[in-house]
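Asks: Residue strings, one per chain:
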Amino acid sequence: MPILECRELCKSYGSVRALDNVSLSIEQGRVIGLLGPNGSGKTTLLKLANGLLTPTEGEILIAGEAPGRLSRSIISYLPDHNYLADWMKVRQLMDFFEDFYEDFDRAKAADMLKRLNIDSEMRIREMSKGTREKTQLILVMSRAARLYLLDEPIGGVDPATRDFILDTIIRNYNPEAAVVISTHLIADVEQVLDDVIFINNGKIVLMSSVDNIREEHGMSVDQYFREVFRC
Amino acid sequence: MIWKFRGDLPIYSQLVEQIQLGIVSGSFQPGERLMSVRDMAAEAGVNPNTMQRALQELEREGMVYSQRTSGRYVTEDIQVIERAKKRFAEEQIRRFLEAMRKLGYQQEEIISMLREGVGEDADS
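Protein chains in written order, with the numbering used here: chain U, 1 to 231; chain Z, 1 to 124.
So here's chain Z without its partners, still in its complex pose (with noise of 0.2 angstroms):
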């Protein structure tokens, strides 16, 4: 796994959502087991206290859970995921709707254009 901070955002907030996206992409298989938090913060070169901080807030959103004397493991509940890969989803489109009327698109235009997007994506 590749992992990447931007500069203006907590560094714990980052690895939530790039250890989420790990599990919505497949990167992390449900059900896989997560290598300990030190060998976590050191493959992603930070803070383990970051890194811990980070997988407690997983666990509270159920996407990881943890087992007391075997170590740590993404979820089996796919729903989970599903649900997980859905606000992905959004998110991205509701960037993407934001930068298109930015530059002055409408609503049709915009539709239209991602029709066409869409298609030629399918032709290549």
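Only chain U is shown next, with the shape it has when bound in the complex (with noise of 0.2 angstroms):
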């Protein structure tokens, strides 16, 4: 059963089609980047997935059921914005993702902030973007998740951090869930991807994997997007 599924799913902002038609399912054990220009509804469906938009048509399930109280406890997710209570600090958060889900792995956590010297008495408002971006991951790399959602989680940081990102992305691998990246931001991310799925005005465009697309292009998926979404 996949872990991610859409039939003919459709989201509408009042006359605004964010999500047209949108089927796919995505098996579990694989690394997906959700590929578009801004605006395309990587979002949208990433919210969808959520439970924190209902859909106007169609319908999408987590593991064989629309999301609810199941889908809360599997997902993982990271949204596009600091959504993070900005007066806690690291060591309070932890306590809060503890309470929240079973899944949590606070020695992992700790172990990864450690390795980053993230002090846990700092505030998330004390924190630079960047530390504050990292500290979110951690948080959520740290559960024995299902479905990890990843919205944008290398925007706007510098190298150094988007190759940390990337790596806890690899050593959490866990063949038995699959990770969702949302970005624009291809060249960075490809080498870490099985499959990719490029999304334009809430439509599917392509959904082929990573070394499918070089072998039949002779170019990067980078190079093949920016060929697909010429403007």
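Because the hints were derived from the structure by calculation, they are not lab data.
From the three backbone atoms N, C-alpha and C, an ideal C-beta is built for every residue, glycine too.
Please note: incorrect hints may appear among the correct ones.
Derived CB-CB ranges, DEER-like [as the list claims (entries may be wrong)]:
#, chain 1, residue 1, chain 2, residue 2, range
1, U, G218, Z, E91, 11 to 21 angstroms
2, Z, L9, U, R125, 21 to 31 angstroms
3, U, T56, Z, R38, 38 to 48 angstroms
4, Z, V118, U, E27, 48 to 58 angstroms
5, Z, L21, U, G155, 33 to 43 angstroms
6, U, A187, Z, L21, 19 to 29 angstroms
7, Z, D77, U, E215, 27 to 37 angstroms
8, Z, G104, U, E27, 50 to 60 angstroms
9, U, R226, Z, G31, 43 to 53 angstroms
Fit the two chains together into the complex; they arrive one by one in their own frames, and the hints show the way.
Replies: Put into structure tokens, the structure is as follows:
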């Protein structure tokens, strides 16, 4: 059974179609890039998967069920903005995650924080943007989830932080879990992906594996993307 | 080991080639135990499934072998390694000749220039 499945999924905001008849399925053990220009529907799709939005038409299923209690326990979600209470200290956030998520591995989080010299007594608001992004990612990746939904995890971070984030994704690879990374910075993530989904104007343009695209077109996914979405 | 990837080829085939090169050049010694797939993937900065696929291909070629319980090892068969090394050398020669012909050199000129080059190399 796919860990994430969309069947003729549509989402409209008023007269705007943010997602238009999207059908796809994502199997466990895969790292998937959800790639598209700004405003193409990436965040809307991730929010639907999280149950933060409801479909206008069609359905979205997480491990065979509509988003709800089960999906919340198996999805670990990194939104595209800071969602942590900024007055909290890292230590308090870990308490919070421990209370909320049975699958949160505190020792793992503490170990990663230590490797990056992030002080657990530090408050979110005292952190630089890069440190805040790293902290959020560490918390999200320290859950033993079945589905990780990472919305723009590498947007606006320096190259060293980006490398740490990608390394964390590789080292936490679990054949029973799937990771979906939404981004428009394809060159940076291409090597860690199994498959890519190109999305534009709310429609799926292409689903393929990274190596298939390279094999068929003799160019990187990044170059191919630029070709498909040339303005 | 330093990993480098180009955009116009599948990542898995580049992994296969770089590990082969590592073996024929001695970065990986015959009989050496390889790191886990995940660690190798992290070191190369690639997807673990892609690394797994590359290692399976190398297994098919006999460059590495796995032992169910203890992991993956570089082959101890020196002949297999020598054959792979020769393939790399032949490929280098093919590319060199192609480039020289593109520049307009004839066979005799190429050979004499090559001799000269080898001589200079020996002097330095």
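Asks: All hints are to be evaluated individually against the structure, with a verdict given for each.
Replies: So, going through the hints one by one against the coordinates:
Our hint of 11 to 21 angstroms for U/G218 and Z/E91 holds, since their Cβ atoms are close to 19 angstroms apart. A hinted range of 21 to 31 angstroms is violated for the C-beta pair Z/L9 and U/R125, which are about 46 angstroms apart. Checked against the hint of 38 to 48 angstroms, the pair U/T56 and Z/R38 passes, with Cβ atoms roughly 41 angstroms apart. At about 54 angstroms, the CB distance of Z/V118 to U/E27 agrees with the hint of 48 to 58 angstroms.
Hint check: Z/L21 to U/G155, Cβ distance near 35 angstroms, so the stated range 33 to 43 angstroms holds. Restraint check, U/A187 to Z/L21: a C-beta distance of roughly 24 angstroms satisfies the suggested window 19 to 29 angstroms. The hint said 27 to 37 angstroms for the Cβ distance between Z/D77 and U/E215, and at roughly 30 angstroms that hint holds. About 54 angstroms separates the C-beta atoms of Z/G104 and U/E27, a value consistent with the hinted range of 50 to 60 angstroms.
At roughly 45 angstroms, the beta-carbon separation of U/R226 and Z/G31 lies within the given 43 to 53 angstroms, and the hint holds.
Violated hint: 2 only; the structure is consistent with all others.
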